[in-house]
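Using the hints, position chain F against chain G.
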Amino acid sequence: MSSTTANSSIEAGPKRRSFLVDVGVRLIREKPLGTIGGVIVLILLITGIFADFLAPFGMNEIHSDAFLSAPTSKYLLGADNLGRDLLSRIIFGARISVIVGLCATTISVIVSTFIGIMTGYLGGKVDLVVQRMVDAWMCFPGLIIMMVLITILGPGMWQVIIVLGLQYGIAGSRVVRGAVIGIKENVYVDAARAIGCSTPRILWQHILPNILAPIIILFTTRMPAVILVEASLSFLGFGIPPPAPSWGGMLSGAGRSYMFMAPWIAIWPGVALSIVVYGINMFGDAIRDIVDPRLRGGVGRYGTAKSRAAAAEK
Amino acid sequence: MAATTNNENVLEVKDLHTHFYVEDGEVRAVDGLTYSIRRGESLALVGESACGKSVSALSIMRLIPYPPGIIVSGEILFQGQDLLKVSESEMRHIRGNRIGMIFQEPMTSLNPVLTIERQLSESLELHRKLNKKDAKEESIKLLRLVGLPDAEKRVSDYPYQFSGGMQQRIMIAMALICNPDLLIADEPTTSVDVTVQAQLLELLDNLRSQFGTAILIITHNLGVVARYADRVNVMYAGRLVESAPTDVLYSKPQHPYTMGLLASVPRLDLPRNRKLSVIDGLPPNLARLPKGCNFCTRCTYSIDRCLEEKPPLEKVGEEHYSACFRSGELGK
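For the protein sequence lines, the chains are G and F, in the order given. If you're matching positions, the first sequence starts at 1 in the working numbering and goes up one per residue. If you're matching positions, the second sequence starts at 1 in the working numbering and goes up one per residue.
Chain G on its own, in the form it takes in the complex:
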């Protein structure tokens, strides 16, 4: 989609921007909350990527002068029970959250989309059999099934990612399936067949762009959930093995034991989690509203009616 729009922007003059720039401009102009969310996501990404340069100390560096230290000018957010600088650990924790969040959510959305489109469009026996397997999977409490899987696979970040991706992917296939069932009844699917499209082409070219909105929603609601569940798993000892600084681990391990003596140990990772979850949700909502042409109102893709009239005069 972006490539065609980019081509036309060259030919049609400056009025038409490339797709991504267009989304960016409209995000800032029309969705202030989404912009805040976007900034939070951006900060999270930058923090995760450049953690090595941003953190004042190493993530596992122990300072003997700082056991349970309250925030000071040296340790801006304080230190934990082992004398590790909390700011540094939160910055490195952002990296883990980014990696786990992005990878697991991507896997889950791909799994959901694949299962959902297949069962929704083909229907009949395929739908029946596959969806009963999904039912069976969803009958187990999520946390238990993930713990069992991690016990089998062994501890580690990638194991957590795969397990989270599968868990949310299979459950989320229902959302995609529902959307596909709604879309496939439309006349334009028949019209696509009437111009000679094959089934894979219809799925890829006609159905997928139409369910992008629920998929984006799925992605943006899953990502904070995944980050939270990773925290839960870490809390239970099935997540990212220590001493790696996962926010969930920080919140639950030392944070819980020293909650009254040194509340900052629990507060900062909690605050970080909340901000990130809020930011991703807002950003995702805004992007969904902008990308889906069906939700475009009077202020359409090419600006207001006024600006359009002005352009026509030229």
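No lab work stands behind these hints: they were computed from the structure. Be careful, since some hints might not be right.
Simulated DEER-style distance windows between Cβ atoms [said to hold, decoys possible]:
1. V23(G) to N206(F): 36 to 46 Å
2. W137(G) to Y66(F): 27 to 37 Å
3. D135(G) to V278(F): 49 to 59 Å
4. E88(F) to W137(G): 25 to 35 Å
With the Cβ distance kept under 10 Å, some of the chain G side facing chain F (calculated, not the full set) [stated by the list, open to error]:
5. L27
6. R29
7. P32
8. L122
9. G178
10. G182
11. V189
12. R193
13. Q205
14. L212
15. A213
16. G253
17. S257
18. Y258
19. M261
Small disclaimer: the values here were computed from a predicted structure and weren't measured. For each residue, glycine too, the CB sits at the ideal point set by N, CA and C.
Using the frame of chain G, we list chain F on its own:
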């Protein structure tokens, strides 16, 4: 006309039966339909709702949803090739390439999230293997041809940015872009207002004379038929009841159903306080068709024989066929 094999015919439908298997039993949506369309001709298929018009069109495209629908028997010869015998992949190559189709509602038959450029160039990419740039140029050319102003700019707009009439023009462009031999227009003007209707029909007619595309217009609007069709097939309960050149059908209808239809059209040349005549009763349930003529329960002229056997389509004049035992005596 109907039964003879002729190279002039683009499409010949022979004894087509399309049935739907639903809880009620077997619904004979199309029950022994036979007709043909000549090259460059425009043929109208007329009938009330649920008489099998659309199903017969979808049968030609082999787009009957299965289950519950299935083409039970018959032949659909498209330029001598039986469409019911070709493989699905060959059929895909015929759809959109050699047979185009326009659906009833333009608003719902365009994909809302794709630009019209994408939708127009799709069949070019599929059938002609054009690259993006050529496909775009071709799309713009077609859009100009169907009378879309400012085509170069608007080609990258989304369907919601067009009015209903414009959307239907785009649909026509989509159906004609590969220059098909046959265009099936399933109630192309039902959802637009009367002035736009006239424009669209005018456009279809121009394109027909320009490209020599045969057009099958499916409609229940007799006004549309009178102006733009060369020949008319009247359908009732899955069967053809009358087939004639348009002027003959209007001046000398032979079948009681056709007479009823024509009598129920409001006319300006008759007194304004005249009550519109109606055909009494309802069309029969297609799952439980009567033993005799499908129309006998509503027909004022029915005789005992009508209740016992189905009247075959018989020649009553030059290119004029009617399926009624009494056509000879009634049509005078």
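Going down the list of hints, with the structure as the test:
1. Roughly 41 Å separates the CB atoms of V23(G) and N206(F), a value that falls within the hinted 36 to 46 Å.
2. As the Cβ distance of W137(G) to Y66(F) is approximately 31 Å, the hint placing it in 27 to 37 Å holds.
3. Range check, D135(G) to V278(F): Cβ separation about 54 Å, and the 49 to 59 Å hint holds.
4. At roughly 34 Å, the beta-carbon separation of E88(F) and W137(G) lies within the given 25 to 35 Å, and the hint holds.
5. Hint status for L27(G): violated, given a least beta-carbon distance of 19 Å to chain F, over 10 Å.
6. Taken as an interface hint, R29(G) does not check out: its beta carbon lies about 19 Å from the nearest beta carbon of chain F, beyond 10 Å.
7. Checking P32(G) against chain F by beta carbon gives a least distance of about 25 Å; that is not within 10 Å, so the hint is violated.
8. Below 10 Å, beta-carbon pairs count as interface contacts, and L122(G) has none with chain F, the closest being about 13 Å; its hint is therefore violated.
9. A least Cβ separation of about 17 Å between G178(G) and chain F goes past the 10 Å threshold, and the interface hint is therefore violated.
10. For G182(G), the interface hint is violated, the least distance from its beta-carbon to any beta-carbon of chain F being 13 Å, above 10 Å.
11. Contact between V189(G) and chain F, as hinted, is supported at the beta carbon level, the nearest pair being about 8 Å apart and thus within 10 Å.
12. Because the closest C-beta pair between R193(G) and chain F is about 6 Å apart, less than 10 Å, the hint holds.
13. A hinted interface residue such as Q205(G) counts as satisfied when its beta carbon comes closer than 10 Å to some beta carbon of chain F; here the least separation is about 7 Å, so the hint holds.
14. The beta carbon of L212(G) comes within 7 Å of a beta carbon in chain F, closer than 10 Å, and the hint placing it at the interface holds.
15. With a cut of 10 Å, the hint placing A213(G) at the interface with chain F holds, because the nearest CB-to-CB distance is about 9 Å.
16. The beta carbon of G253(G) is not positioned within 10 Å of any beta carbon in chain F (closest approach about 46 Å), and the interface hint is therefore violated.
17. Hint status for S257(G) relative to chain F: violated, with the closest Cβ pair at about 52 Å, above 10 Å.
18. The beta carbon of Y258(G) comes no nearer than 52 Å to any beta carbon in chain F, farther than 10 Å, and the hint placing it at the interface is violated.
19. The interface hint given for M261(G) is broken, as the beta carbon of that residue sits about 56 Å from the closest beta carbon of chain F, more than 10 Å.
Violated hints, listed in ascending order, are 5, 6, 7, 8, 9, 10, 16, 17, 18 and 19; each of the other numbered hints is respected by the structure.
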